[in-house]
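If you want the building blocks of each chain, they are given just below.
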Amino acid sequence: MMLSDRRPILLANARIVDPSRDFDIRGDLLIADGIVREAKKGIGAAGVPEGTEVVDCRGMIVAPGLIDMRAFIGEPGAGHRETLASASQAAAAGGVTTIICQPDTSPAIDDPATVDFVLRRARDTAIVHVHPMAALTKGLEGMEMTEIGLLKAAGAVAFTDGEKSVTNAQVMRRALTYARDFDALIVHHTEDPNLVGDGVMNEGEFAARLGLLGIPKAAETVMLERDLRLVALTGGRYHAASVTCAESLEVLRRAKDSGLAVTASASINHATLNEIDIGPYRTFLKVAPPLRAEEDRKALVAALGAGLVDVIMSDHNPQDVETKRLPFAEAAPGAIGLETMLTAGLRLVHSGELDLVTLLRAMSTRPAELLGLPGGTLKNGAPADVIVIDPDMPWLLDPAELKSKCKNTPFDEARLQGRVLRTIVAGRTVYEYL
Amino acid sequence: MNIAPKSSFVLNRPHLLGIEGLSREEIFGLLDLAEEFVALNRQIEKKRTSLRGRTQINLFFEASTRTQSSFELAGKRLGADVMNMSVGASAMRKGETLVDTAITLNAMHPDILVVRHHASGAVELLANKVDCSVINAGDGAHEHPTQALLDALTIRRNKGAIEGLTVAICGDIMHSRVARSNIILLNALGARVRVVAPSTLLPAGIERFGVEVARDMREGLAGADIVMMLRLQRERMNGSYVPSVSEYFHYFGLDEKKLAYAKPDALVMHPGPMNRGVEIDTIVADGAQSLIREQVEMGVAVRMAVLEALSRNLPNA
Numbered sequence: 065m066m067l068s069d070r071r072p073i074l075l076a077n078a079r080i081v082d083p084s085r086d087f088d089i090r091g092d093l094l095i096a097d098g099i100v101r102e103a104k105k106g107i108g109a110a111g112v113p114e115g116t117e118v119v120d121c122r123g124m125i126v127a128p129g130l131i132d133m134r135a136f137i138g139e140p141g142a143g144h145r146e147t148l149a150s151a152s153q154a155a156a157a158g159g160v161t162t163i164i165c166q167p168d169t170s171p172a173i174d175d176p177a178t179v180d181f182v183l184r185r186a187r188d189t190a191i192v193h194v195h196p197m198a199a200l201t202k203g204l205e206g207m208e209m210t211e212i213g214l215l216k217a218a219g220a221v222a223f224t225d226g227e228k229s230v231t232n233a234q235v236m237r238r239a240l241t242y243a244r245d246f247d248a249l250i251v252h253h254t255e256d257p258n259l260v261g262d263g264v265m266n267e268g269e270f271a272a273r274l275g276l277l278g279i280p281k282a283a284e285t286v287m288l289e290r291d292l293r294l295v296a297l298t299g300g301r302y303h304a305a306s307v308t309c310a311e312s313l314e315v316l317r318r319a320k321d322s323g324l325a326v327t328a329s330a331s332i333n334h335a336t337l338n339e340i341d342i343g344p345y346r347t348f349l350k351v352a353p354p355l356r357a358e359e360d361r362k363a364l365v366a367a368l369g370a371g372l373v374d375v376i377m378s379d380h381n382p383q384d385v386e387t388k389r390l391p392f393a394e395a396a397p398g399a400i401g402l403e404t405m406l407t408a409g410l411r412l413v414h415s416g417e418l419d420l421v422t423l424l425r426a427m428s429t430r431p432a433e434l435l436g437l438p439g440g441t442l443k444n445g446a447p448a449d450v451i452v453i454d455p456d457m458p459w460l461l462d463p464a465e466l467k468s469k470c471k472n473t474p475f476d477e478a479r480l481q482g483r484v485l486r487t488i489v490a491g492r493t494v495y496e497y498l
Numbered sequence: 005m006n007i008a009p010k011s012s013f014v015l016n017r018p019h020l021l022g023i024e025g026l027s028r029e030e031i032f033g034l035l036d037l038a039e040e041f042v043a044l045n046r047q048i049e050k051k052r053t054s055l056r057g058r059t060q061i062n063l064f065f066e067a068s069t070r071t072q073s074s075f076e077l078a079g080k081r082l083g084a085d086v087m088n089m090s091v092g093a094s095a096m097r098k099g100e101t102l103v104d105t106a107i108t109l110n111a112m113h114p115d116i117l118v119v120r121h122h123a124s125g126a127v128e129l130l131a132n133k134v135d136c137s138v139i140n141a142g143d144g145a146h147e148h149p150t151q152a153l154l155d156a157l158t159i160r161r162n163k164g165a166i167e168g169l170t171v172a173i174c175g176d177i178m179h180s181r182v183a184r185s186n187i188i189l190l191n192a193l194g195a196r197v198r199v200v201a202p203s204t205l206l207p208a209g210i211e212r213f214g215v216e217v218a219r220d221m222r223e224g225l226a227g228a229d230i231v232m233m234l235r236l237q238r239e240r241m242n243g244s245y246v247p248s249v250s251e252y253f254h255y256f257g258l259d260e261k262k263l264a265y266a267k268p269d270a271l272v273m274h275p276g277p278m279n280r281g282v283e284i285d286t287i288v289a290d291g292a293q294s295l296i297r298e299q300v301e302m303g304v305a306v307r308m309a310v311l312e313a314l315s316r317n318l319p320n321a
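Same order as they appear, the protein sequences are chains A and B. Its first residue numbered 65, the first sequence is counted upward by one per residue in the working numbering. Its first residue numbered 5, the second sequence is counted upward by one per residue in the working numbering.
I should point out that these hints are in silico values taken from the structure, not numbers from a laboratory. Any given hint might turn out to be false.
[As the list claims (entries may be wrong)] Interface residues of chain A toward chain B, partial, derived using beta-carbon atoms under 10 Å:
hint, residue
1, PRO257
2, GLY261
3, LEU274
4, LEU276
5, PRO280
6, ASP341
7, PRO344
8, VAL385
9, GLU386
10, PHE392
11, ALA393
12, PRO397
Even for Gly, the Cβ is constructed at its ideal location relative to N, Cα and C.
Use the sequences and the hints to build the structure in full.
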C-alpha cells in the first residue's frame, strides 16, 4: 500500500465528470472517511476540515474510478504471469479502482472456496477492489453448471466460462434458466470453436496476404444469435463478453429492441485497433476474438456512443515471452490493458469519435450497474473510488515502466495522449504519477 | 578457373523474405544473374569461389528434399561451407523455441541462413534476431520467394517474356505459399494471373490480390499460356475442404482433357513434390508440355543467384 493515510482530500478546481447523473461541472470534490462527501463549486473557499490534503486540479478531470469488467489474472495458478498484487498495481496506474477477474485460473474459480480464496488474497495483497466472476460450468468444461447460488453468495459478481464458449445449447439454456432465479448475470464469450478452427486472425484479405488462416465473423455472430434466442426462451440476464463486428451489433440491436435483458462489452483493443495493426505478425495484437476490419471498429465505437454496447473493458490478459515470442499462429492470444485502457480510450475522445462522458460511463457507471457494485458514481456518499486525469499529457509508452508482470501491450512504444495522475480507492491515494 | 559473372547485380537488402516488396528491377536482376548460373551448371566445371569462406546453414523446420538439396548444391557451387540442420517438430517440443534456435545458431557466426518453417511469419521473426542474411525457403502459407523466381525464370526461358501471358494457378490456393509468391511476382511482371480452385480452397479476399478467380478448370484454363498446378495435401480431405481424392481429381486434376482447355502451346508446371493422380495425371506430368524437370534445374540456378546477390552485400564482401 503506497499511502496508508486517510486524511480528507479536496480535489480543487477540477472538471468533475460523473456519468452516473450527467454531471459535468468545474468545481471541487471533497473526500473524507472513504466516501465522496460533496462535489460542487467553492467547497475549498468555504473551508475544509483541518488536515485536508488540498490538490489543485486545474485543467484536470476528476471522475469515478474505472471498473474493468474483464481482466484475466494469473492467480491462482499462473502467478509468474500476473498476481492479484501486480494486477492491482497496474490497475491503479491506469485509473482502474475495481478489477473484475475472470475464472479461467488454475484451478478454475468454480467453487465457493476458490471465490473466497481470491477475495481474501485480494484483500491482503491488492491495492484496488477485486471481484471475481465465477465459472459458469464446472472446470470451464461446458458440461455441468456450477453452484450459481452458493457462488453468488460467496461473492461472485457474474458467471462466465472466460475465453471459452459453451457450445452445448442445452447447457446454456439450463444455466440461463437457473441463473434467472438468483438474478445472476451470465457473461459469455461468443466464438464458435468449430468455426474458429485453426484460424488465428480476422478472415479476409489481410489474413490471406499474411498466409494466416482466418476466423470468420460468423464464428461470433452464430454463437451470439444462438444465445439471444436462448435468452428470449429463458428470460435470463445475459451479457456478451466481447462483441467485435458490425454484424454482431445488428444482432444485439434486435435483441435489445425486443426488450430482452441483454447487454454487451467491447474491449478497448477492438475499439481502438484493427487487423492492419498486426502488421508484420505482431503477436501482441493477437487477441480473441481477433481484431477486425476498420469498418467494424468504427461501427463498434458508434455503438458505444449510442449506448448499444454498454461497457468498455480492458480484456487484460498477461502473456510472457514464452507464449508470445513465437510465430503468430503459435502465439497465445491476449494483450494486457489495465494500465492503458483509459489512455487508449482517450484516443477516441481526442479524435472526436466518442465524448468523454460516454467513455467514462462505459468504463465505470455501466459495469457498476450491471454487476450491482456501489462504484461508478460521484454522488454524495458514494465510495471514494476516484481518479484524477490529465486528458492531454503526451507520453510515449515504455513497456519497461508498466507495472504488470507481462509486457504484452499492443501499445508498445505508442504515442499516447492523456494519463492518470492520481487514483484513490476508498478514500486512500493508491497511485500518484510523479 | 574462376570467371566473374558478367552481371554485377547486388540485392540491396540484408534478407530475402518474400517477393512482396521486391521491385521489377530486383526481380529482373535476379533472373538475369540466374541465367548465367544456368549456363555454368551445364558445364563440367561448376565451381565458383564467390562464397568462399562463407558459412551457409540450411535450417529446415519442415521436411524438404528438393528445396534443401537445391540450396545445398547452390551454396557449394559458389564455394560456401554448407551445413544442413533439420529440426523436426519433435525437437521443438523439447522446449527450445524458434527464437532460441536462432540465437544459438547466430552465435556460430553463419553468413547466410536458409530457413523453412511451417508457420507464416516465422522466418521474418527469426531474421529479426540474427546478424546474418536470411533467405526464406518457405514460411507456412505465406511466401516461398525462390520458388516464384525459379518459376519465372522457367517461364521466361520458354516463352521469351512474362508480360502479357495468362497464367492459371490451380489447386489449394488457401494453404499455398507458392501461390502467394507467384501471384505477387507474376503481377509485378505484368502477367495476367488466374486462380482456379474449389471455393473451399480459396482464401477470403483473394479477389483483392489482382487475380481473376475461376471455380472450374474449363473456365480457368481457357486461353492460358501456363498452367501451374499446386500440391494438394492429403490432410485437406479430413478438414472438409474437399470430399475425396477421386472427386478432386475429377474436377480439378490436370489430365489431357482439361489441359486441352488451355492454349495448344500451353506449358505445365508444378512446384513438386507431385501427387500423381490427385492434382496431376502422370501422362501430363511427364508429357511434352511439362516443364516440371526444367523447374528443378532452374531452382539451383535461381538459388545461386539469390545467394550471390545477397553475399555481395555481406560485410567485407
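Cross-check of the supplied hints:
no. : hint   : in the structure
1   : PRO257 : 15 Å, violated
2   : GLY261 : 8 Å, holds
3   : LEU274 : 6 Å, holds
4   : LEU276 : 5 Å, holds
5   : PRO280 : 8 Å, holds
6   : ASP341 : 15 Å, violated
7   : PRO344 : 6 Å, holds
8   : VAL385 : 8 Å, holds
9   : GLU386 : 8 Å, holds
10  : PHE392 : 5 Å, holds
11  : ALA393 : 5 Å, holds
12  : PRO397 : 15 Å, violated
Consistency with the previously given hints fails for numbers 1, 6 and 12, ordered from lowest to highest.
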